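So the protein sequences, as listed, match chains A and B. Anchor point for the first sequence: position 126 equals 126 in the numbering used here, and the numbering is continuous, going up by one each time. Anchor point for the second sequence: position 177 equals 177 in the numbering used here, and the numbering is continuous, going up by one each time.
Note that these hints are calculated values from the structure, not bench results. Worth double-checking, as some hints may not be accurate.
[As the list claims (entries may be wrong)] With a Cα cut of at most 30 angstroms, we get these calculated DSBU-like pairs of lysine-lysine: (1) A:Lys94 <-> B:Lys49; (2) B:Lys300 <-> A:Lys426; (3) A:Lys148 <-> A:Lys289; (4) A:Lys94 <-> B:Lys237.
[As the list claims (entries may be wrong)] Some residues of chain A that are not near chain B, with every Cβ distance over 10 angstroms (derived): (5) Lys40; (6) Leu75; (7) Val77; (8) Ala90; (9) Lys148; (10) Ala172; (11) Ala180; (12) Gly225; (13) Glu249; (14) Leu397.
Only a predicted model underlies this, so the values are computations on that prediction, with no experimental measurement involved. Cβ coordinates follow ideal geometry from the N, Cα and C atoms, glycine included.
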Amino acid sequence: MRRRLSLLAGVAALGLTLAGCGGGGDTPSDNGNAKDATGKVGVFTWWADGSEKAGLDALVGVFNKDFPNVTFDNLAVAGGAGSQAKSVLAAQLKAGNPPDSFQAHAGAELQDYIDADQLEDLSSFYKDNDLSSQFPKDLVDRLTVDGKIYSVPSNIHRANVVWANVEVLKKAGIDPEKPAENLDGWFADMDKIKATGVIPLAVAGSWTQVQLFENVLLSSLGVDGYNGLWDGKTDWKSAEVTTAIKAYEKALSYTNTDRDSLSDWAPATQLVQDGAAAYNVMGDWAEAKFAQDGDKSGVDYTYFPTPGTAGVFDFLADSFTLPKGAPNPAGAKAWLTTIGSAEGQTAFNKVKGSIPANTTAKTDDFSEYQKSAIKDFSQDKIVSSLAHGAAVPVAWLNDLSTAVSKFGGDKNVDGLQSSAAAIAAKFAK
Amino acid sequence: MLKRAKTWGPSVLLLAPTIILVGVFVYWLIIENFRVSLTNQHTAKPSNKYVGFENYTNLLADPNFQHSLWNLLILTVVFLGGTLIFGFLWAWILEQPAKGEGFFRSVYLFPMSVSFIASGVVWRWLLSSLQTSQPGGERTTGLNRLLDSVGLGALQNDWWSNPTWGIAAIAVPAIWQLSGYVMALFLAGFRGIPDELREAARIDGCTEWKLYRHVIFPQLSPVMLSAVIIIGHMSLKLFDLIRAIVPDANTYDVQVPATMMWVKYIGSDYADAAAIGTILLVLVALVVIPYLWYTSRMEKR
Chain A
1 MRRRLSLLAG VAALGLTLAG CGGGGDTPSD NGNAKDATGK VGVFTWWADG SEKAGLDALV
61 GVFNKDFPNV TFDNLAVAGG AGSQAKSVLA AQLKAGNPPD SFQAHAGAEL QDYIDADQLE
121 DLSSFYKDND LSSQFPKDLV DRLTVDGKIY SVPSNIHRAN VVWANVEVLK KAGIDPEKPA
181 ENLDGWFADM DKIKATGVIP LAVAGSWTQV QLFENVLLSS LGVDGYNGLW DGKTDWKSAE
241 VTTAIKAYEK ALSYTNTDRD SLSDWAPATQ LVQDGAAAYN VMGDWAEAKF AQDGDKSGVD
301 YTYFPTPGTA GVFDFLADSF TLPKGAPNPA GAKAWLTTIG SAEGQTAFNK VKGSIPANTT
361 AKTDDFSEYQ KSAIKDFSQD KIVSSLAHGA AVPVAWLNDL STAVSKFGGD KNVDGLQSSA
421 AAIAAKFAK
Chain B
1 MLKRAKTWGP SVLLLAPTII LVGVFVYWLI IENFRVSLTN QHTAKPSNKY VGFENYTNLL
61 ADPNFQHSLW NLLILTVVFL GGTLIFGFLW AWILEQPAKG EGFFRSVYLF PMSVSFIASG
121 VVWRWLLSSL QTSQPGGERT TGLNRLLDSV GLGALQNDWW SNPTWGIAAI AVPAIWQLSG
181 YVMALFLAGF RGIPDELREA ARIDGCTEWK LYRHVIFPQL SPVMLSAVII IGHMSLKLFD
241 LIRAIVPDAN TYDVQVPATM MWVKYIGSDY ADAAAIGTIL LVLVALVVIP YLWYTSRMEK
301 R
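In isolation and in its complexed conformation, chain A is listed as follows (with noise of 0.2 angstroms):
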């Protein structure tokens, strides 16, 4: 009896190791054709709830419509613009378990991607899908490296965008329909506002902080300086940073002390919703919001961009990605294509808020804002957003939040300029 127990317990450890040791096989590497793709495709995303959950069901539906044969399955994970997402994302991608296709921030946030090795070449695909011809040339720009492109946009969104709250602006005497024009003034206008009693400014935890640094940056030192503090252009221990840090400690001390409790975007955005505060610097995802909400544009909330930063779209695009080692790649491709098309851009920003990527999408029956939006982002000058992965990679922007973020309780201007230009010398290539 005894030795058959540890013969038992031999096998079960045996079991036990292949157990650990399994899994992770090859998958062959065979790209096919969108056409004929069949079984299930996992799309990896962080829209897992609100408006930008509703935005992917609507993008699902056009995608089941298009390819019948082939089954979606949302690998969507909730949390912190991505975070959360990302973390996860990373591991997979590590272990050599990569989904069949995944949403990334276009631009720098791609980079590590690509320099990890874990993305396909998708030129072809632009070629056999004429996409090139159909996004606008500032994106597709953004998207390429090396020549070569990596994914394709879905959505593009603004992140210099104020939101207010109308009738605080009103009781503040402060007329809703002119914006000030350039900080100081806007800075007038808190003032006023707090003589109310209402919160001038609204703002949430360490992303939203860097969103407004961002803004602030944007609007003090103009496109040029702003670009320049991604490519070395701009001294970031230059006369002109400090003017801009200091604007936004000023901007700081109009905000809710309780900032790093709210946990995203949307409890500071509900702020403004509730009169609880008059402005909140937020993405244009917001617009789906204040839609969901029943809150109506012009009489409940009004938007404009941040004072200073009128004719400059501060942009972002949401874009999907082939995996190098996907399980089914010929999935993904029809995932792709629907991504790219115009019939799908239209059914999925029109819920989410954003604009689409593709020029060639019907948004005859969009809001009043996207149509302001769409019609800025084809004159505007257009800057890349540093808070969501758009003008540097992950790394960098990690350190200039913890500095951000560290900054909001020391106010120490000097300390941030210099950890600032610390981590730019860092990362600079």
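With chain A held as given, fit chain B onto it using these hints.
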């Protein structure tokens, strides 16, 4: 030979699964982690150039990492002090012959059965930093609201939104959760002291204080040491509670090495993340290994 194999064979077979699994999933991974910490793998791009201990020296010179170590020290001191004081106090009260001991024992132990993540979500609300005197103060919730409504409004504070002492606020829920456990340890310690000893001391004319000072406390010191080790190493590794209370992992005020390691990992800075992991392991080892050595020596005696 065969005979000898028969005696030790079964035990080796029985132990083999544990040895193999622990070997692979603990010790091999520790070695691998240490190897990564010596490379320059600071981005997602694969690179395996060895840079010696450069990552460690850079980290230790980094003011952000120093701040996180300082935070860890404050957290551990407050967490340890709080659980030991409350744990001992409750055990001492329950040790007095009184009614309802079983009931209160369960009440004090109960918080331990809640996961840090679940209680963290509630504590996030309780530790909201908004105060009634600030703009928008009518939205004040949690402890600040409670303090205001019982007339102690002056005691309202920022809780964890403070770069110097904020981390101590994180220790509050941790103390709430683990004091019951320390109480159980002390209670077992109290029960292990035979009544005869107390009676003998009383007959010899000891006052109550002297009885505790010279008879009870010395016998509780092994329990105390266990409590310090258990709570201490939990504190060093504390991550989930902070993540649940503070929405953003990158929040400077409450950065400790464990959260910083996560932030580095998300930013694909695998080398720095691994180096922080190794530093954490060394810190925990400094606490645990002397204890293991001490207990094994005690057992041999």
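Output the indices of the hints that this structure fails to meet, ascending.
Of the numbered hints given earlier, those the structure breaks are 2, 3, 8 and 14, listed in rising order.
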